[in-house]
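Chain by chain, the residues run as shown.
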Amino acid sequence: MGRIVLEKVVKRFGQAEVIPPLDLTIEDGEFTVFVGPSGCGKSTLLRLIAGLEDVSSGRIVIDGTDATELAPAKRGLAMVFQSYALYPHMTVRRNIAFPMKMAGMDQAEQDRRIAKAAEALNLTDYLDRKPGQLSGGQRQRVAIGRAIVREPQAFLFDEPLSNLDAALRVGMRLEISELHKRLNTTMIYVTHDQVEAMTMADKIVVLRAGHIEQVGSPLDLYRTPRNLFVAGFIGSPRMNFIDGAEAAKHGAHTIGIRPEHMEVSSTSGLWKGRVGVAEHLGSDTFIHVHDTGLAETMTIRVDGEVDLHHGDTVYMTPREEMLHRFDAQGLRMAEVGVPA
Amino acid sequence: MATQHSRSAARLMMAPAVTLLLGWMLVPLAMTLYFSFKKYLPLRGGDLGWVGFENYVRFVTSSAFWPSIQTTLVIVGGVLVITTVLGVALALLLDQPMWGQGPVRILVIAPFFVMPTVSALVWKNMFMDPNYGLLADLWRAFGAEPVQWLSQASVPSIIMIVAWQWLPFATLILLTAIQSLDSEQLEAAEMDGAPSPKRFWYIILPHLGRAISVVILIQTIFLLGIFAEIFVTTGGAFGTKTLTYLIYQRVLESQNVGLGSAGGVYAIILANILAIFLMRIVGKNLDN
Ligand SMILES: Nc1ncnc2c1ncn2[C@@H]1O[C@H](COP(=O)(O)OP(=O)(O)O)[C@@H](O)[C@H]1O
Ligand SMILES: [Mg+2]
Chain W
2 MGRIVLEKVV KRFGQAEVIP PLDLTIEDGE FTVFVGPSGC GKSTLLRLIA GLEDVSSGRI
62 VIDGTDATEL APAKRGLAMV FQSYALYPHM TVRRNIAFPM KMAGMDQAEQ DRRIAKAAEA
122 LNLTDYLDRK PGQLSGGQRQ RVAIGRAIVR EPQAFLFDEP LSNLDAALRV GMRLEISELH
182 KRLNTTMIYV THDQVEAMTM ADKIVVLRAG HIEQVGSPLD LYRTPRNLFV AGFIGSPRMN
242 FIDGAEAAKH GAHTIGIRPE HMEVSSTSGL WKGRVGVAEH LGSDTFIHVH DTGLAETMTI
302 RVDGEVDLHH GDTVYMTPRE EMLHRFDAQG LRMAEVGVPA
Chain V
14 MATQHSRSAA RLMMAPAVTL LLGWMLVPLA MTLYFSFKKY LPLRGGDLGW VGFENYVRFV
74 TSSAFWPSIQ TTLVIVGGVL VITTVLGVAL ALLLDQPMWG QGPVRILVIA PFFVMPTVSA
134 LVWKNMFMDP NYGLLADLWR AFGAEPVQWL SQASVPSIIM IVAWQWLPFA TLILLTAIQS
194 LDSEQLEAAE MDGAPSPKRF WYIILPHLGR AISVVILIQT IFLLGIFAEI FVTTGGAFGT
254 KTLTYLIYQR VLESQNVGLG SAGGVYAIIL ANILAIFLMR IVGKNLDN
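Heads up: the sequence lines are chains W and V, in that order. Residue numbering for the first sequence follows the working numbering, beginning at 2 and increasing consecutively. Residue numbering for the second sequence follows the working numbering, beginning at 14 and increasing consecutively.
Below, in silico cross-link-like pairs of lysine-lysine (BS3-like), each with a Cα-Cα straight-line distance of 30 Å or less:
#1 V:K211 x W:K75
#2 W:K131 x W:K117
#3 V:K211 x W:K131
#4 W:K75 x W:K117
#5 W:K117 x W:K182
#6 W:K102 x W:K131
#7 W:K75 x W:K204
#8 W:K102 x V:K297
#9 W:K204 x W:K9
#10 V:K211 x W:K102
#11 V:K297 x W:K131
#12 W:K182 x W:K204
#13 W:K117 x V:K211
Think of the hints as simulated: they come from the structure by calculation, not from any bench.
This is chain W alone, in the form it adopts within the complex (with noise of 0.2 Å):
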């Protein structure tokens, strides 16, 4: 149903290639989330999927049919920007209504699905408002309501997290995972926040200056990036790289280890440092370490409280499986005994 395919896909404006040829599969039902630093071409990739930019060159094939010249309303995709991107002088109802309405669906039919969706949104009782009367969780919701009753081949989201609160943002987040278990339809995700990445997607699509860096599940992506960008991209707090002699120990250019990744002690162990900030989220605590002679500043996370204090002495020692290797162009070596 909602498998698109894209093929050498290359967007232009004027001189500047904002995506080089580009191949990239999405299957049918998979929640799939483009991340990326901000301008990295996401947006355009997204918007190049609805038909809202047209391709330079190449070719989108959407459930089989090439859909590469089709219009927007044609392709059979609902989308969800960023501003919401309600239609203000419109009740909720309306707005909910309006792609049905284009589409000339009977009233019936049209009613039943507004309120199977603000049932499941919970907006029944918000119906009759404008989006202006409207908290922005509530917008969110009118706008996914808006998608979900054209019961589309595939949602495209573009950042629609991004205008919330944090606490909103991670309701929000489970709400659309919830959504897409229920609905188990394609869902193509944009976002430049590697935490929604991780926590939402089935695949996850690494993207940097229009290349696909790395395509694959979060986990895929944690245990073995194919390269320091998406090793550094990927995981919070950030991965950290050592170049140099300690790197030569390993026979790389370049060693990385997660700070989750390292035991810590205050007495003994491979690496020296100094504490600098420490960051205690009650749960775990992230310490900077400092003065290691082996890169600016290290992250270490520990479990819990710890009794590390600013100035403090202490040692670290990296967990031996989980050193990741990179050779001199940034790309992952094959651990040793094991193909990467």
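Dock chain V with the ligands against chain W, hints included.
For chain V with the ligands alone, coordinates are given in the frame of chain W:
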């Protein structure tokens, strides 16, 4: 936040402006009211004393009164319709990305900088003159008899001249309104399956509602007082006598200041009725 001290300082500093403005408005208003209750004929005896409401009664019972109200409303209404409809159309066009956008926009706005007297004279002599006007040439080119614009189609001609002057204003306001429309809304509508006429009807036009009501309100206030365009073209003949023009005739041609002042008071009342009515509409639009 403002302390007592800074508030009184603010009042003090605003005082000259407020006083000037009040004087500016109140003195002419008071004088109009004063004269409207007098028989005052500058060339035929001057101030002939108080006459109560006689001027008011005479002004409305004169055969020229109701036709002048009608002409005023027809001209104002005609100009409003033309400027808003064409203004929306032009604004939509100018919003499209195109080559030479800057100069084109300035050109479109240009008529607004031409003084009413000048533009009326240009229209009268350059376009509408039945002998050597451009429109006459055009008619002749098609083998038709040139139209005597200002006598045979006097009211439409004046509407055309005034609309030409006010179209840039409407276009400008509507263009800024169109530019403030969130493009994601249009894209959302496009994805929702609305073709461009429907996007215009359901998204752009409601978005422009507020700007349109502002255009109508401001233009109405100014259009009620148009004078130069009539003065230099028809001189009030051929059914183009508006309320303003009638007042002018009463005061200057008949040399009856009292009667003219009474007409002025009626004009104020008419303007206020329209203004209140329009403010209601605008207010409703501004609410949401
Ligand atoms: N309409 C456009 N015209 C020219 N350049 C554009 C246009 N849209 C996006 N770009 C450029 O394309 C790049 C990718 O933009 P975008 O897809 O919005 O990034 P992201 O969504 O990942 O933050 C940016 O460098 C941006 O400047
Ligand atoms: Mg973006």
